[in-house]
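A.B. asks: Work out the full structure, taking the sequences as your base and the hints as a guide.
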Amino acid sequence: MVHPRRKSSLRRTQQRMAVLFILPALAVYALFVLYPLAMSLWGSFFLWKGLRMVEFAGLSNFSRLFVFPSGARLYGALWHNTAWFFGIMVFQNGIGLLFAWLLFLRDKGAAFFQSVFFFPAVLSPVIVGALWRLLLAPGGVAEWALNGLGLHQGSLTVLGNSYTALWMLIAVDAWNWMGLPVLIYTAGLRQISGQIFEAAKLDGAGDARMLLSIALPLLMPAIGTLTTLSFINTFNQFDIVYVMQGVQGNPSYSTDTLVTYFYRLAFGAEGAVGITDIGLALALGTMLFLILSIGTLMMLRFFDRRTVQL
Amino acid sequence: MSALVNSQRFAISPRLARLPGWTVLVVWTAAVLLPLYILVVSCFKTTAEIYDNRLGLPKSFAFDNFVNAWTRAHLGQNFVNSLIVTGGAVVLTIVVSAMAAYPLSRYRLGWNGIMLGLFLAGIMLPIRLASVELFTLMRNLDLLDSLTGLILVYSAIRIPFAVFIFANFMRVLPSELDEAARMDGAGEVRILFQIILPMVKPAVSIVAIFTAIAVWNDFFFPLIFIFDDRYKTVPLAISVFVGQFRTDWGLVFASLAISMAPILIMYCLLARQIREGVGAGGGMK
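Protein sequence lines correspond, in order, to chains A and B. Per numbering that gives the first Met the number 0, the very first residue in the first sequence carries number 0; after that it's consecutive. Per numbering that gives the first Met the number 0, the very first residue in the second sequence carries number 0; after that it's consecutive.
Because the hints were derived from the structure by calculation, they are not lab data. Take the hints with a grain of salt, since some may be wrong.
Said to hold, decoys possible - Far from chain A by the CB rule (all over 12 Å, computed), these chain B residues:
1. Thr92
2. Asn167
3. Val203
Stated by the list, open to error - Under 8 Å between C-beta atoms, here's a sample of chain B residues computed to sit facing chain A:
4. Tyr36
5. Ile37
6. Ala99
7. Met114
8. Ile122
9. Met123
10. Arg127
11. Val131
12. Ile156
13. Ser238
14. Val241
Ideal Cβ placement from N, Cα and C applies to all residues, glycine included.
C.D. replies: Shown next as structure tokens:
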């Protein structure tokens with residue numbers, strides 16, 4: 000039996016120790032993450048001269064964001080991010096589900112394929128972007144191979160063409176992260192009890208039927224995780240665009256994203272003379288913050304409700 | 000007769016039915032490995048040879064491109080910088096996060112939930128959007144063009160995930176563990192570092208692996224905080240090379256190979272832990 004007085008003194012020591020133990024992590028986290036983020040949100044309501052906050056300006060930064068000359072950039076980038084998200088949902092998370100299902104049906108070799116498929120995901124997007132830029136460049140391997148196979152004639156300019164460039168970047172991003180849905184779906188599939196699949200097989204269900212009618216509804220938590228992660232990642236997309244197409248999202252802004260536009264506004268690369276517009280940058284940041292947090296919360300709720308309990 | 004047909008069908012068809020599936024898997028394996036194979040063989044070729052001989056092995060395994068990348072393009076210095084930043088951020092993140100997670104998961108403070116929630120919010124926060132204010136802060140603290148500055152920022156970004164992982168692992172340890180040590184007169188610092196932390200080694204390795212990958216690969220923060228060539232990290236240097244040495248393909252391929260070498264080695268050694276960590280948590284980027 001611990002004496003009550005000793006117990007309360009232990010509590011007091013623990014309170015003191017807890018503060019001391021938490022303080023270093025909290026200080027670093029608060030100073031370099033929470034404080035700058037809060038200041039950025041607050042600053043988007045002010046008028047800026049260079050890097051100096053001048054006076055309260057209400058929503059004027061936000062209204063400037065939607066009109067000329069910023070409007071075209073904003074809507075363009077918003078569309079590219081949205082297309083990117085749906086492209087990734089189909090080409091990465093959709094095809095990834097097929098790969099995971101094929102691996103789930105096979106006992107042999109699953110670990111090997113998973114390791115190969117996931118490998119590009121541990122590489123820096125800078126390396127992935129630089130590699131594919133070299134492969135897809137005019138005179139590169141892709142051009143040589145397509146010409147050799149008779150599928151294409153002459154110089155390959157998919158990255159310089161404003162109709163194809165964005166889709167090439169989405170494909171490179173899907174190549175980069177394909178291993179993620181494969182790993183998350185196979186982990187999800189293995190959690191489903193084998194008896195369910197056995198029963199379905201006895202009832203005569205084929206592989207495709209089992210995937211669509213049985214596995215898919217039970218994979219809702221995995222699908223939710225992937226959709227949310229893909230949403231956050233695509234709306235933060237910057238590295239691949241910067242390395243492959245430059246910070247302007249060439250050609251003629253056709254691969255521009257919200258974060259590359261934010262970077263140009265904040266660090267002076269927008270327009271021919273390189274003007275920084277901190278007020279506009281912070282307003283864009285606040286808007287993106289709202290899109291990301293509201294979108295994430297809505298997705299988490301949506302998938303939470305659709306989780307099937309057995 | 001019909002029994003024979005049936006048994007034959009059962010003997011052959013399952014294997015045959017598996018064939019399209021295997022084909023799909025092998026095609027994607029090739030799609031992943033072929034670009035990496037081209038990257039590796041191109042490192043040993045001159046630019047002229049790269050144009051002449053796309054897929055074949057190089058004429059000789061000359062290390063000229065590697066030497067040029069390491070010295071002429073100063074990738075050696077960038078490599079050392081990346082190692083310092085990655086090592087520093089991993090150690091700092093593990094130490095402070097384990098310290099914070101210990102009382103939050105094992106003491107009854109009354110405010111554990113709120114504090115954990117504050118840390119967890121950081122997993123989702125889009126920190127890049129704070130980069131303007133972060134830049135001003137770093138300038139005022141004299142942390143621009145500084146590896147220490149990068150270490151602090153990366154640790155701050157990785158702390159939420161690390162606290163989350165450590166708290167989850169520490170919570171399930173039996174409470175007799177620290178109570179017995181406390182009876183023996185051990186201090187809280189000793190209980191954490193000599194008793195609790197060795198018990199949660201899987202958590203330490205998850206945090207170390209994913210922090211190391213994220214920090215080694217990051218390019219955004221060096222891009223805005225580092226201007227002096229002496230302090231550039233590998234991804235930042237690579238992004239410059241791609242434009243600067245665009246005619247010297249062999250050198251660019253070699254520098255890509257150098258920059259992915261540490262991650263490749265780590266991946267070969269730890270593929271299983273990485274697969275399981277991602278499959279379980281999903282929270283990687």
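A.B. asks: Decide, hint by hint, whether the structure agrees.
C.D. replies: Here is what the structure says about each hint:
1. Thr92: violated, 9 Å
2. Asn167: holds, 16 Å
3. Val203: Given a closest Cβ separation of 15 Å, the condition holds.
4. Tyr36: violated, 11 Å
5. Ile37: With a closest approach of 6 Å, the Ile37 (chain B) hint holds.
6. Ala99: holds, 4 Å
7. Met114: holds, 7 Å
8. Ile122: Not OK, violated: Ile122 (chain B) not within 8 Å of chain A, min 10 Å.
9. Met123: holds, 6 Å
10. Arg127: Because about 6 Å separates Arg127 (chain B) from the closest Cβ in chain A, which is inside the 8 Å limit, the hint holds.
11. Val131: Where the cut-off is 8 Å and the nearest Cβ of chain A is about 5 Å from Val131 (chain B), the hint holds.
12. Ile156: holds, 6 Å
13. Ser238: Holds, because the Cβ-Cβ distance from Ser238 (chain B) to chain A comes to roughly 5 Å (cut-off 8 Å).
14. Val241: Holds, because the Cβ-Cβ distance from Val241 (chain B) to chain A comes to roughly 5 Å (cut-off 8 Å).
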